[in-house]
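Participant: Got two chains here, each in a separate frame; can you build the complex from them with the hints?
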Amino acid sequence: MRSPLSLPVRLQGNTISVLDETKLPLEETYIKVNTLDDALQALGQMKTRAFGQVLLFFYTCVLVGEIEEVAASFKKTRPTFDFFTLAHALKGAAKDSSSLKEAAITIIDGIDNKRKVRAQKLAGILPQEGRILTICNVNGELIYLYEALTGQGKTATFFVSETRPYLQGARLTLWELRRAHIPAQVLCDNQAAVVMQKGLINCVVTGSDRSTDKGDIINKIGTYAMARLAHYFTIPFYVLTQFPQTLDIEKIAIEERPPHEVFMWLDGKGPWPEAVYPSFDITPAEFISGWIDISGEVRCA
Amino acid sequence: MRLSEMKEGLLLWGVPACKGIKEIKERMQDNRDLYVLVPEMRPYLLGLEVARRLAKESIKHLYATDNMLGILFFKQKIKEVLFFYKDLIDQNFLGICGSLYVCLLARLHHVSIKPLQGEKMVRPAQAASLLDEYMSFRCDDALPAEDEAVPEGIIR
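If you're matching them up, the sequences are chains A and B in order. Per our numbering, the first sequence starts with residue 1, numbered consecutively. Per our numbering, the second sequence starts with residue 1, numbered consecutively.
Simulated from the structure, these hints should not be mistaken for laboratory data. Ideal Cβ placement from N, Cα and C applies to all residues, glycine included. Treat the hints with caution; some may be incorrect.
[Claimed, not checked] Sample of chain A residues facing chain B (criterion: CB under 7 Å; computed from the structure): (1) P165; (2) I182; (3) P183; (4) Q185; (5) L187; (6) C188; (7) N190; (8) V194; (9) Y224; (10) I252; (11) E255; (12) P258; (13) P273; (14) E274; (15) V276; (16) P278.
Just chain B, same shape as in the assembly (with noise of 0.2 Å):
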């Protein structure tokens, strides 16, 4: 899809539990024209595990990757962001790699988020390979992936 297809976006973060593939749901029913932006969520890849989900409800979406979400909150083409988190810790919203990224760039743009329970996915053992079969780097190479805090004035 090009970009000037695409009209008013759901961007999700985080793996939805089942309760939120039913909000995913029920926001597509409400508006034909929505469509559901499923970024990578590296460095685990997290997106294609979404998308997979999605496509079993049957849920239209569309995958792009973790830098193009600038653009696209720019370019005023994301609605809503649902974020998934995985727990609610003194007041933090405590993501995946890559919530506060996310986050603050709705909040710069004035893009609601909407916080619900996602899934608690079990992290690869594995540290993060970046470049996945290519290529490995040694561990001081590469900056550990970690859970991230957003705090809760940042989202709502």
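Looking at chain A on its own, in the form it has when it is part of the complex (with noise of 0.2 Å):
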């Protein structure tokens, strides 16, 4: 079974299709995309995010023709994603490829099946009855996931971590889990040590924004506090990772959101009070127990 939420970028003649993350789960609706500045303004509204924001640079580039300037204005909107690795993966491609869309379609292809085989390998390695905290939303792949530890036998259920302030875990992960009658239970951010404590969960995995080949990661708000804690409590803490870089993750810029987004998913109109919001944080690869690269590449602390 897939995901709407697995491939929700899509090109349809000269235009892109893009699920509507922010309205999800109440509707399932596709925003057009036309040009660089269409794209930018659904990048900068957090209409999608994660794979979804990868799918739409690569279809960015094929509808304006062009890559560089596209993986320029892509980073000025979102800073602490890397869409320069994705511009140098398209500029490889397109030179074996009779046009810069087949070279896209080429790479998404590839991803999408590496992100099926990543599922697999980590269903190597989580327990027989896998009671699995997660965060924010991998775009289908813990369907992908559940399909893999079925497939060896094993079984699972999700505790999804809401994700705050933007909810995707509560709005698109348990959506897609429900939507997939996959077992799965949402929760505060602020529960995650309680259920940590009562040994309701057994394991934890994440998505990464970047990883560094020491292993260290920038992921979703709150990853570090859940990481931190599943590591007071010996519960093994995995991450799914895509193109490890050798730099300091220290130096990468964590973006900040507009503070009066902590309030948009809130009933009331205000006036709410002053308040910040980093969008992401660092992980130590101290705290991390194993990395499943989209290689298919495994390591373990």
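Facilitator: Next comes the structure, spelled out in structure tokens:
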């Protein structure tokens, strides 16, 4: 079974269709992107993110026939994500392809297949009866993981951290798991410690936006606390990575979003108090138990 | 406010009663650089209620979601935690949902926790609705939000 979030951005003719994640789970609607400005607007307004922003990047390059400019513009809008590595990959693939479109499609198909392989590898190291705590949303990969686990004769229940302020866990992950009839429960982010203490979960699985060859990661805000607590309770913490790089993770800009967005999912119109909104955090390698890379490589601490 | 602008934070967890508000005011008088950090305190958004009370008392404060506390501890933005518990039973401090999360993070980052008797707010009759008015869950879709016991050993 495939989640609509597995490939949330598609190229149809000269138009990119973007699944509007901010409307989920109440509406499954797509917005049209025809220009670089449209793409930047969708990106800046969080209409898509994670794997969706990778797809949007590749298809926008196809649409405007340019790579470097698109990468620079995307980077300006979402500074934490590494669009230049994607640009490099696309330029490399374009050399062996008849068109930029063919190159982009080849890369995208390859990544989706690799995500399935990555899920198989992760399933191989998870417990027989997985009670998996997760944060944010990994674009359908938990469904691949569930299929891999059941294929290996294992069982799994997901505990989905709601992931404030944008609620990607509650709105996206719970929604896609529920659609696929996969056992799942949502919890407040601050319940992570108590579910660990009570033994309700026996492993943690997250994605990552950036990672280094040393194993440090940057991911959705709240990941660090989860890893730190899992380490304290000796619960294994596994990360899905892609393109680890040799770099000082402290030097990567952590995106800070407009404070008013902290209140956007709450009922009422305010006035709201002054707020802070770092949208990512850094988790040092020492709190991570295993890295499962898109290349298929599995590393355990 | 941006992270780089934040200096010494006094993190509140739970709902301060009158005595607690007085203590916060004293801390602010002693240290003008101190900012009061009010987490959201899901699922009942007690942080918004606390923020309203602080505003009424003209206490400057900053709001954050609960999952932002990790990075704030990591970046040493929090100097102390005032933990407003509901009850003390058998050497366990009983606090609102998330109390163990906050106290353990403070302990793991060597930040001192001061326990103070807080207000015993009546819990809303409605079960935890994580998305407020936007979406409701079937009962078995959401983990029940309950008060949490924090062993005294973690606090002191």
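Participant: Going by Cβ atoms only, is A/E255 closer than 7 Å to chain B?
Facilitator: Violated, because the Cβ-Cβ distance from A/E255 to chain B comes to roughly 11 Å (cut-off 7 Å).
Participant: Can the hint on A/E274 be confirmed by a CB-to-CB distance to chain B that is less than 7 Å?
Facilitator: holds (6 Å)
Participant: Would you settle whether the hint for A/Q185 is holds or violated, based on the nearest Cβ-Cβ distance to chain B being less than 7 Å?
Facilitator: Cβ of A/Q185 sits 5 Å from chain B, so the hint holds.
Participant: Hint A/V276 vs chain B: min CB-CB distance below 7 Å?
Facilitator: Holds, because the Cβ-Cβ distance from A/V276 to chain B comes to roughly 5 Å (cut-off 7 Å).
Participant: Would the stated hint for A/P258 survive a check requiring a Cβ distance to chain B of less than 7 Å?
Facilitator: violated (11 Å)
Participant: Using the nearest Cβ pair, does A/L187 come within less than 7 Å of chain B?
Facilitator: Nearest chain B Cβ about 4 Å off; hint holds.
Participant: When the nearest CB of chain B is found for A/N190, is that gap smaller than 7 Å?
Facilitator: Holds - the Cβ of A/N190 comes within 7 Å of chain B, reaching about 3 Å at its closest.
Participant: Under 7 Å, Cβ to Cβ, is where A/P278 needs to be relative to chain B, so tell me if that hint holds or is violated.
Facilitator: holds (5 Å)
Participant: May I ask you to test the interface hint for A/P165 with respect to chain B, counting a Cβ-Cβ separation under 7 Å as satisfied?
Facilitator: Since chain B brings a Cβ to about 5 Å from A/P165, closer than 7 Å, the hint holds.
Participant: Closer than 7 Å between Cβ atoms is the bar; does A/Y224 clear it against chain B? Give me holds or violated.
Facilitator: Because about 4 Å separates A/Y224 from the closest Cβ in chain B, which is inside the 7 Å limit, the hint holds.
Participant: Restraint: A/I182 near chain B, CB-CB cut 7 Å. Satisfied or not?
Facilitator: violated (12 Å)
Participant: Hey, does the A/P273 contact hint survive, CB to chain B under 7 Å?
Facilitator: Because about 4 Å separates A/P273 from the closest Cβ in chain B, which is inside the 7 Å limit, the hint holds.
Going through the hint list in order, the structure does not satisfy hints 2, 3, 10, 11, 12.
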